[in-house]
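Participant: Each chain is listed here by its residues.
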Amino acid sequence: MTMTDNRQNTVIGTRQLRREDPALLTGEAKFTNDLNLPGALHLSILRSPHAHAKIVSINTAAAKASPGVVAVYTGAELQSQWAGPMPCAWPVTADMKNPPHFPLAASKVCYVGDGVVAVLATSESASRDALDLIEVQYTVLKAVVDVEDALSDANIIHEDLGTNKSYTWNLKIEATEGCVEEAFQNAAFKVSERYVQQRLLPMAMEPRAVAAVPQPFGGDITLYSSTQIPHILKVMAALTLGIPEQQVRVIAPSVGGGFGSKLDVYAEELLCMALARKHALPVRWVEERSENSMATIHGRGQVQYVELAADKSGKLTAVRVRIKADMGAYLQLVTPGVPILGAFLYAGVYDIPHAYDFSCDGIFTTLTPTDAYRGAGRPEATYAIESAMDALAREMKIDPLELRKRNFIQKEQFPYTAFSGLTYDSGDHLQAAEKAAGLADYVGIRAQQAKQNVPGAKKRLGIGMSSYFEMCGLAPSRVLASLNYGAGGWEAATVRVLPTCKVQVVTGTSPHGQGHETSWAMIASEKLGIPQEDIDVLHSDTAISPLGLDTYGSRSLPVGGVAIAGACDKVIDKARLIAAHQLECSADDLEFAGGVFSVKGSPDRAVPMAAIAFAAFTAHNLPDGLEPNLEAQYTYDPPNFSWPFGTHMCVLEVDTETGQIEILKYVAVDDCGVQINPLIVEGQVHGGVIQGLAQALFEEAVYDTDGNLKTTTLAEYLVPAASDVPSITTAHTVTPSPTNQLGVKGIGEAGTIGAASTVINAVVDALSGVGVTYMPMPASPQNVWRAIQSAAQAK
Amino acid sequence: MVDITVSITVNGTRQEKSVEPRTLLVHFLRDQLQLTGTNIGCDTSSCGACTVHLNGEAVKSCTVLAVQADGGTVTTIEGLSKDGVMHPMQQAFMENHGLQCGYCTPGMVMASIGLLNENPNPTEEEVRLGLEGNLCRCTGYHNIVKSVLAAAKK
Numbered sequence: 017m018t019m020t021d022n023r024q025n026t027v028i029g030t031r032q033l034r035r036e037d038p039a040l041l042t043g044e045a046k047f048t049n050d051l052n053l054p055g056a057l058h059l060s061i062l063r064s065p066h067a068h069a070k071i072v073s074i075n076t077a078a079a080k081a082s083p084g085v086v087a088v089y090t091g092a093e094l095q096s097q098w099a100g101p102m103p104c105a106w107p108v109t110a111d112m113k114n115p116p117h118f119p120l121a122a123s124k125v126c127y128v129g130d131g132v133v134a135v136l137a138t139s140e141s142a143s144r145d146a147l148d149l150i151e152v153q154y155t156v157l158k159a160v161v162d163v164e165d166a167l168s169d170a171n172i173i174h175e176d177l178g179t180n181k182s183y184t185w186n187l188k189i190e191a192t193e194g195c196v197e198e199a200f201q202n203a204a205f206k207v208s209e210r211y212v213q214q215r216l217l218p219m220a221m222e223p224r225a226v227a228a229v230p231q232p233f234g235g236d237i238t239l240y241s242s243t244q245i246p247h248i249l250k251v252m253a254a255l256t257l258g259i260p261e262q263q264v265r266v267i268a269p270s271v272g273g274g275f276g277s278k279l280d281v282y283a284e285e286l287l288c289m290a291l292a293r294k295h296a297l298p299v300r301w302v303e304e305r306s307e308n309s310m311a312t313i314h315g316r317g318q319v320q321y322v323e324l325a326a327d328k329s330g331k332l333t334a335v336r337v338r339i340k341a342d343m344g345a346y347l348q349l350v351t352p353g354v355p356i357l358g359a360f361l362y363a364g365v366y367d368i369p370h371a372y373d374f375s376c377d378g379i380f381t382t383l384t385p386t387d388a389y390r391g392a393g394r395p396e397a398t399y400a401i402e403s404a405m406d407a408l409a410r411e412m413k414i415d416p417l418e419l420r421k422r423n424f425i426q427k428e429q430f431p432y433t434a435f436s437g438l439t440y441d442s443g444d445h446l447q448a449a450e451k452a453a454g455l456a457d458y459v460g461i462r463a464q465q466a467k468q469n470v471p472g473a474k475k476r477l478g479i480g481m482s483s484y485f486e487m488c489g490l491a492p493s494r495v496l497a498s499l500n501y502g503a504g505g506w507e508a509a510t511v512r513v514l515p516t517c518k519v520q521v522v523t524g525t526s527p528h529g530q531g532h533e534t535s536w537a538m539i540a541s542e543k544l545g546i547p548q549e550d551i552d553v554l555h556s557d558t559a560i561s562p563l564g565l566d567t568y569g570s571r572s573l574p575v576g577g578v579a580i581a582g583a584c585d586k587v588i589d590k591a592r593l594i595a596a597h598q599l600e601c602s603a604d605d606l607e608f609a610g611g612v613f614s615v616k617g618s619p620d621r622a623v624p625m626a627a628i629a630f631a632a633f634t635a636h637n638l639p640d641g642l643e644p645n646l647e648a649q650y651t652y653d654p655p656n657f658s659w660p661f662g663t664h665m666c667v668l669e670v671d672t673e674t675g676q677i678e679i680l681k682y683v684a685v686d687d688c689g690v691q692i693n694p695l696i697v698e699g700q701v702h703g704g705v706i707q708g709l710a711q712a713l714f715e716e717a718v719y720d721t722d723g724n725l726k727t728t729t730l731a732e733y734l735v736p737a738a739s740d741v742p743s744i745t746t747a748h749t750v751t752p753s754p755t756n757q758l759g760v761k762g763i764g765e766a767g768t769i770g771a772a773s774t775v776i777n778a779v780v781d782a783l784s785g786v787g788v789t790y791m792p793m794p795a796s797p798q799n800v801w802r803a804i805q806s807a808a809q810a811k
Numbered sequence: 002m003v004d005i006t007v008s009i010t011v012n013g014t015r016q017e018k019s020v021e022p023r024t025l026l027v028h029f030l031r032d033q034l035q036l037t038g039t040n041i042g043c044d045t046s047s048c049g050a051c052t053v054h055l056n057g058e059a060v061k062s063c064t065v066l067a068v069q070a071d072g073g074t075v076t077t078i079e080g081l082s083k084d085g086v087m088h089p090m091q092q093a094f095m096e097n098h099g100l101q102c103g104y105c106t107p108g109m110v111m112a113s114i115g116l117l118n119e120n121p122n123p124t125e126e127e128v129r130l131g132l133e134g135n136l137c138r139c140t141g142y143h144n145i146v147k148s149v150l151a152a153a154k155k
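Chains A and B, in that order, are what the protein sequence lines are.
Numbers given in our numbering equal positions in the first sequence, counted from 1, plus 16.
Numbers given in our numbering equal positions in the second sequence, counted from 1, plus 1.
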């Protein structure tokens with residue numbers, strides 16, 4: 017690793033094993049469905065088997081009489097429970113159309129999996145058995161499956177809206193309007209491409225689970241949920257149910273992966289809460305995998321039209337993008353904003369001064385709602401620009417790496433003010449690309465390719481690449497306001513030094529696999545000079561950590577981690593006053609290192625943090641006016657997004673007779689600024705890359721023309737197994753972010769953002785000699801074989 | 002259907018319980034013995050999160066009825082550590098960052114031990130093939146494979 021950072025860190029940057037692991041490795045960790053709640057009722061939900069239908073009648077009599085059943089409710093019967101519809105927190109335009117969406121459908125179902133009837137019983141099996149006894153009569157309507165067909169409004173899903181279009185969102189640079197058209201007219205080279213981002217199922221290994229525990233006489237209610245967002249969920253649940261916010265406590269126990277799919281306010285959370293209050297008993301629900309496929313949000317689902325213009329040297333002069341984004345049947349928490357998160361990234365890592373034109377239509381279909389899935393808008397954008405760059409290189413007949421080098425924003429240009437007005441904090445794209453090229457043996461592979469990919473070759477060699485930016489660390493609150501996002505982008509932290517100089521770090525982030533407990537303790541240890549083992553990290557319970565905006569969008573470190581550093585600074589400032597008082601010197605004369613304050617130039621005159629912590633606790637002898645105790649709360653609102661970047665390369669062979677792909681090497685060079693724990697950074701990259709690679713090669717939520725999901729189980733939906741994927745060569749460059757004191761950027765989504773286009777570019781590269789210029793995802797053997805055959809026929 | 006009494010030795014303790022005939026071993030472990038370390042991740046025996054050892058062999062406990070395990074010996078993730086010290090496979094997963102969210106982990110560890118029991122010195126490819134019945138969404142398998150190879154060397 018090239019450390020260009022000159023920080024004198026001793027804890028930050030070391031490979032620390034995770035403190036989370038022993039509990040998870042021994043079965044001691046408790047996930048939501050592991051909680052023992054005596055007397056709890058079990059909720060099961062009858063879901064619509066139709067994509068689009070009117071509910072004519074519902075007969076629940078037999079279910080009510082079934083053994084163990086306590087109650088059965090239709091959507092109409094529960095309507096009075098809701099103070100408002102389920103929330104969408106991101107109305108991207110003032111005129112965005114948002115149909116009311118309630119936890120159970122009352123008169124009409126709009127996707128297969130839409131909830132229709134809730135059954136409460138004394139056991140899970142009793143509640144599930146009763147579902148079979150419910151009779152629902154539907155009038156089936158025509159399904160709207162294709163996002164582009166939906167725009168014709170031939171079959172309107174939400175009649176009151178009068179259209180299937182939710183919104184049109186534009187990013188046009190007003191000052192230079194007209195220059196895009198001009199650039200295309202004057203272009204020496206142009207490409208015009210259509211890409212399809214297939215729907216994906218997030219498939220966190222832990223299905224969602226919920227338990228609501230009421231205190232009927234105390235008035236409070238506790239919601240346990242396998243959620244990424246206990247804080248946001250608390251506010252939203254209180255508003256939707258009409259419960260005073262201070263009476264709601266949300267706890268996310270151990271959470272088994274999220275990837276965005278648990279960044280939502282779900283019907284089942286609200287149903288459990290409402291029914292727990294109604295019955296004055298705990299109510300719990302756990303998702304079956306096939307329910308997870310239908311009732312948990314989907315990812316991606318976009319059709320992208322991308323045009324690039326370039327001058328004769330290949331220098332990009334304009335980018336024009338049109339997106340048709342599939343919202344699914346309803347707008348979930350941030351559904352409409354997902355494509356907007358990508359809107360700024362269709363120029364990729366390239367120097368395009370101003371000629372940029374982006375427009376996105378958000379469109380309803382009768383399919384499961386989409387929402388944020390690892391990368392959320394940014395993998396889609398990166399895929400489009402990086403695939404289009406390869407198309408441009410083919411058009412120009414130049415090497416795709418060379419084309420990228422001609423267009424990279426140069427490191428001297430940072431901080432770089434982009435066409436959009438956003439400032440890219442720091443970067444060195446050339447260095448990352450060259451490092452990746454070295455590790456992948458780019459030159460050698462090209463030479464081997466020239467020998468191997470002869471006419472008639474059975475196995476063709478390909479190398480693909482993707483250079484990406486990850487706009488992450490959501491985000492400056494004011495920028496979010498300009499995008500109509502319904503919340504701020506800050507994060508809160510409390511650092512509490514206990515009387516014995518042990519430390520509690522309280523964070524508003526809510527980890528579900530990212531190792532925050534380990535990394536946050538490292539940050540506090542570095543700052544305070546207190547050993548990591550003396551530091552505890554508390555999170556994911558709104559009673560313990562009342563303020564926070566949770567974990568998504570690679571924000572936890574660049575916002576939440578920096579908040580902890582800021583809270584440590586406040587603790588140190590206060591401790592300095594106590595130290596100066598004890599040492600009878602001016603606070604300015606003290607230096608702080610290794611957990612000890614000492615007088616500059618007189619190292620014997622020193623006082624350790626332990627003595628200060630105890631003095632702050634006893635308060636026997638504190639400076640006049642200073643509050644007892646050593647604790648500080650700090651809320652960090654970042655001045656900018658953070659902009660991790662990197663280059664990935666993939667070397668693979670395609671068997672032209674079977675369509676089978678074998679990955680020979682995958683290289684990921686990522687730059688997330690200063691790394692807190694390189695062990696965790698690598699793990700995030702590995703997982704992200706495989707998730708992106710899975711989109712490229714394996715995964716697709718397949719629907720039939722009636723809107724039935726055909727891939728509801730892990731037997732049909734191809735989450736890759738260990739035997740399907742390669743080992744990954746990871747490497748890093750370190751370009752610190754200048755916008756925060758730790759120099760850090762996010763890393764949670766980088767792998768996913770870079771991977772899909774890297775793999776597909778390699779497949780197309782392998783097959784370009786046989787005429788293939790486009791490869792739909794997933795590049796399954798069947799799709800590859802078909803692409804080869806149709807290219808042969810076109811010749 | 003009437004309940005059936007089964008006698009299963011779980012983590013060294015003989016458990017005699019009455020079960021519905023349809024009770025799966027995983028539900029028996031989780032619901033009747035409160036051994037919640039064994040997780041459920043699917044309903045098609047695809048994910049392997051529920052892998053335990055039955056009579057010394059790694060099995061998906063969602064594919065075994067509790068009555069089929071009658072008279073047998075079961076080891077779950079809770080039964081691996083000895084005297085407060087984790088099993089070498091658990092340690093290898095920790096040392097190699099072989100887990101993130103930890104949900105697939107108990108099943109992955111049990112399957113990995115089963116793999117090494119059958120093949121004490123596997124190649125990387127053999128580890129990948131041997132674990133193909135266990136899905137992980139976080140790690141991309143890179144560090145899981147590394148963990149198993151490291152455990153094989155212990």
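No wet-lab data here; the hints were simulated from the structure.
One or more of the hints may lead you astray.
[To be verified] Listed below are several chain A residues computed to face chain B (Cβ distance under 8 Å; list not exhaustive):
(1) 37
(2) 267
(3) 271
(4) 702
(5) 726
[To be verified] As a list, the in silico DMTMM-like pairs of lysine to aspartate or glutamate whose alpha-carbon atoms are at most 20 Å apart:
(6) A:331 - A:367
(7) A:681 - B:127
(8) A:726 - A:145
(9) A:181 - A:169
(10) A:70 - A:151
(11) A:726 - B:126
(12) A:586 - A:673
(13) B:154 - B:127
(14) A:681 - B:126
(15) B:83 - B:126
(16) A:46 - B:32
(17) A:206 - A:175
(18) A:681 - B:125
(19) A:46 - B:79
(20) B:83 - A:162
In this text, a Cβ means the ideal position worked out from N, Cα and C, and glycines have one as well.
Participant: Determine for every hint whether it applies to the structure shown.
Facilitator: Results of checking the hints against the structure:
1. Given the 8 Å rule on beta carbons, the hint for residue 37 of chain A holds: about 4 Å separates it from the nearest Cβ of chain B.
2. Taking 8 Å as the C-beta contact cut-off toward chain B, the hint placing residue 267 of chain A at the interface is violated, the least distance being around 16 Å.
3. Taking 8 Å as the C-beta contact cut-off toward chain B, the hint placing residue 271 of chain A at the interface holds, the least distance being around 7 Å.
4. Among the interface hints, the one on residue 702 of chain A holds; its C-beta lies about 4 Å from the nearest C-beta in chain B, closer than the 8 Å criterion.
5. Proximity of residue 726 of chain A to chain B is violated relative to the hint, the smallest CB-CB distance being about 14 Å (cut-off 8 Å).
6. Simply put, residue 331 of chain A and residue 367 of chain A have alpha-carbon atoms about 9 Å apart, close enough for the 20 Å limit, and the pair holds.
7. A C-alpha spacing of about 18 Å is found between residue 681 of chain A and residue 127 of chain B, which places the hinted pair at or below 20 Å, so the restraint holds.
8. Only pairs whose Cα atoms come within 20 Å are accepted, and residue 726 of chain A paired with residue 145 of chain A is rejected, the gap being roughly 24 Å.
9. A distance of roughly 8 Å separates the Cα atoms of residue 181 of chain A and residue 169 of chain A; the hinted pair therefore holds under the 20 Å criterion.
10. The hinted pair formed by residue 70 of chain A and residue 151 of chain A meets the criterion: a straight-line CA distance of about 14 Å does not exceed 20 Å.
11. Restraint check for residue 726 of chain A and residue 126 of chain B: not satisfied, since their Cα atoms lie roughly 31 Å apart, outside the 20 Å limit.
12. Distance check on the hinted pair: residue 586 of chain A and residue 673 of chain A sit about 65 Å apart at the alpha-carbon level, beyond 20 Å; violated.
13. Restraint check for residue 154 of chain B and residue 127 of chain B: the C-alpha separation of about 15 Å stays at or below 20 Å, so the hint holds.
14. At most 20 Å may separate the alpha-carbon atoms for a hinted pair to count; residue 681 of chain A and residue 126 of chain B meet this at roughly 15 Å.
15. The straight-line distance between the Cα atoms of residue 83 of chain B and residue 126 of chain B is roughly 30 Å, outside the 20 Å bound, and the hint therefore fails.
16. For the hint pairing residue 46 of chain A with residue 32 of chain B, the CA-to-CA distance comes to about 14 Å; that is within 20 Å, so the pair holds.
17. At roughly 41 Å between alpha-carbon atoms, residue 206 of chain A and residue 175 of chain A are farther apart than 20 Å, so this suggested pair is violated.
18. With a CA separation close to 15 Å, the supplied pair residue 681 of chain A and residue 125 of chain B stays within the 20 Å bound.
19. Pair hint residue 46 of chain A plus residue 79 of chain B holds up; C-alpha atoms about 13 Å apart against a cutoff of 20 Å.
20. Pair hint residue 83 of chain B plus residue 162 of chain A does not hold up; C-alpha atoms about 56 Å apart against a cutoff of 20 Å.
Of the numbered hints given earlier, the model fails hints 2, 5, 8, 11, 12, 15, 17 and 20; all others are met.
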